[in-house]
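Q: Listed below are the residues making up each chain.
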Amino acid sequence: MAEQQKTKTTATKSTKTAGKVRPIVKKMYLRAQEAAAEGRPIAYGMVASQYEEILRAMDITPIWTENYAALTAAKQVAEPYITKAEAEGFSNVLCKYAMVGIGFDAIRAETGKIPEGAPDGGMAQPTMLLGSSAVCDPRFKWYQTLGRYMDTPIHCIDVVYPNSNHFTLEMRDYYVKYQTEQFKELVNFLEKTTGTKMDWERLDHIMDIADETIQVWWDAYQLRKATPCPMPSQDHFSCMVPAYYLLGEQEALDFYRELHDELKERVDNKVGAVENEKYRLLWGGGLPPWHTLSIFNYFESLGAVFTIETSYHPPEPLEPMGKDVHPLKRLSSRVVDRAMKAQARAKEGCGDSRVQQILDLLKEYNNVGMMMHQARSCRAMSLGQIHFKNMVQEHIKVPTMFMESDIVDVRDYSEAQTKMQVDAFVDAVESYAQSLN
Amino acid sequence: MVTSENTKMNGLERAKQLSKNRGLRAKELRSQGRKIIGYLCSYAPLEFFTALDLVPHRIMGSVGEPIIKADAYLEPIACPFVRSCLDKALKDDYDFLDGVVFPHSCDNVQHLSSIWNYYLKPELYYFLNVPHMTEPSSFEFFKSELTAFKKYLEDFAGKELTDQALLEAIKLHNKNRALLRELNALRKQDTPLISGAELLQTMVATMVLPADEETGLIESVIEEVKNRPPKDSDEDRPRIMIYGCEIDSPEFMQMVEDSGASVVMDDLCTGTRGYWEGVDETGDPVEAIANRYLDKLRCPRTYRVSPGTHEADIANRFEYLKEYAEEFDVNGAILYIIRYCDTQEFDAPDVRDYLQSIGLPVLHIEDDYTLAGIEGLRTRVQAFVEMIV
Ligand code: SF4
Ligand code: SF4
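Going line by line, the protein sequences match chains A and B.
If you count the first sequence from 1, you need to add 1172 to reach our numbering.
Letter 331 of the second sequence, counting from 1, is numbered 314 in our numbering, and no numbers are missing.
Next comes chain A alone, as it looks inside the complex (with noise of 0.2 Å):
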């Protein structure tokens, strides 16, 4: 399976510091080839499962898989891995970054090695599987299923949101114990499979990193509310990387302490992404077509920037906590805690918090239009979009397009229908645009 890299499906990016983030993914998958052939510890886990930390502090190499199932969409290399998976009975409608890595694992357990081709090098063996449920279900169900290809030890943890519409403050104390006892179970099995103790000092220090490296990420970000947007969309698909994949790590600190620095210095130089910003949109929902990024150039094009986006947003930080509080303890709190904030927030205002934040993100960073990609293997971030969307049209008439293709799948894209659709919306803009001046 050569890299058949035809068109350009990528976007350009627009700042210098998006560019460094390839190489960073590059190093990761080569990271965990490194540990593969040392004999180190390498686990498989699911992006915002909030162990990244603990990971880190007990030097187990993470391999994102849900990352590399992007990174082989973006190549246009995912089709094979989605065929073999279906090959083995699982339904195309399943999430496709499961499907993909289904199919990766299908392919070297049958053949003994890496598939051919594989992008970056592909991703090593792993010693370990770390499932979450934290924000959908495919996130247990697909490392479960992977024991049909390899006999590796597994665990999976809970993420607990206290969404229940009757949350009270006193329900606070039982949702903080259960993730810390799910943390601590997670620890007890790491070590058991490592055979290395947990360093807590290490995982406090990891997680001042990781907290400082939120609030850096959090302050660039404020910086693209100015006009003309210093940053794009597609600058954050990349961008995210460092603080989903390498959180706690210092180079992720750098490489946000950088980014403020250069969107600052664009800020105070009236350098926007788009050379004459006309419309100012939002990413309202879903979570990008990686195989096609390239569409945000067509928006560029016709003078669109999206500014700010619900997807993969840095999360707010919250204020810190006293030193003497257990590492576990804080990274649960810091889960409810978070979840708890944001409700707080939709209590003052629409009453979902996910509403209130697409409302929120409108105002402050002055969109006048918002896109949602409803991405047909993904429910847990394309359902509900139709109900956010008739919510926020009760508080503001933004033009809203929905994009419809997949977050892997290529064949659930067509590239005309979408450019038309967008040439519509765009003229939808301009009129919603114009009637507000």
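Be a bit skeptical, because a hint or two may be false.
[Unchecked claim] Rough simulated footprint, nothing fancy, chain A against chain B, three-plus residues with beta-carbon under 8 Å:
no., region
1, 316 to 325
2, 328 to 338
[What the hints assert, rightly or not] Calculated Cβ distances over 10 Å to all of chain A for the following chain B residues:
no., residue
3, Leu7
4, Leu12
5, Ser45
6, Glu151
Hints listed in this document are in silico derivations from the structure and should not be mistaken for laboratory results.
We treat Cβ as the ideally placed atom computed from N, Cα and C, and that holds for glycine.
Dock chain B with the ligands against chain A, hints included.
A: Frame of chain A; chain B with the ligands shown alone:
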């Protein structure tokens, strides 16, 4: 029009009537002042409702009915069963519900839940967080979550839910579950006494009745099927087990049976999953409820800790299917998987391989719940049945 006459009717005919007109009894009870609480999937703790004199009513969809209203609220990539439920609600088919409870069974239900609440504005709405993991801490958490829910329900019902009342409700539901197992066991013999379609109708009927009325209905069905004249021998018909989630109308079972097979066992949310295991009647009742729903209920949405190797994991997850197959002398299995039901879709290849490894032929169907393409399915099922014969 509902009259107390037709509520007295019993046995299979009554089951059939209720499975078709599911709001029949609920509306009648409501007019008498009872509160009807709708719930989705198998994770709502029915015992709580019963103990507080609230009537649990399982929300189901409508096979064969086109989606008209739900499109404007829920994406087409949502589980079609969930879409059908919402569509019915938007058409006012569930206007007799006083409240709805959505346990966090899966991504689809989670999304449906806030949509339902927003547009249908039920008097009572509760989203119950059910953990996906089964570590000791998961049970502890679920127990706390159930305790918070219990308190909420008490406020709604305006009375306290005592341990004693809860225990009585547990016993009543356990009794009904035992009766359903007894009824199900009548499929063990060479010529099953009750068909798959009839049993499904009975199941659906039980899910739209208050627990105390369920008892009488099941007893009367048992009585009736035991005493009806024996059918011609079914000995030559392949004995099929159906695996899946929500099958809530008899057409599919009927089609399989019309194709020359007997449906003798199932692993469905609308089948054995609801009654195979009861709640422990000793100890703390809330804890016992947490254990029953999180541990004993067999649904792919719940993650089971792997005992080590893949082989051991598969045995841990699916050995009960082997027990079913042996006990009910099953010759083949049909997996009826609802498209977009992620957790079932992920498990399907493992279930297929496992059942084949114990010597059962398997037909793996992925369908959209509505059975719009039932003729195509019929051809596949017929070919499968012929192959087994
Ligand atoms: S279903 Fe969506 S959120 Fe879940 S793993 Fe797949 S892409 Fe990620
Ligand atoms: S059928 Fe599957 S996806 Fe649909 S509600 Fe049930 S468990 Fe969820």
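Q: For each hint, tell me whether it holds in the structure or not.
A: The hints, checked one at a time:
no.: 1; hint: 316 to 325; result: holds (count 4)
no.: 2; hint: 328 to 338; result: holds (count 8)
no.: 3; hint: Leu7; result: 30 Å, holds
no.: 4; hint: Leu12; result: 26 Å, holds
no.: 5; hint: Ser45; result: 21 Å, holds
no.: 6; hint: Glu151; result: 26 Å, holds
Checked against the numbered hints given earlier, this structure breaks none of them.
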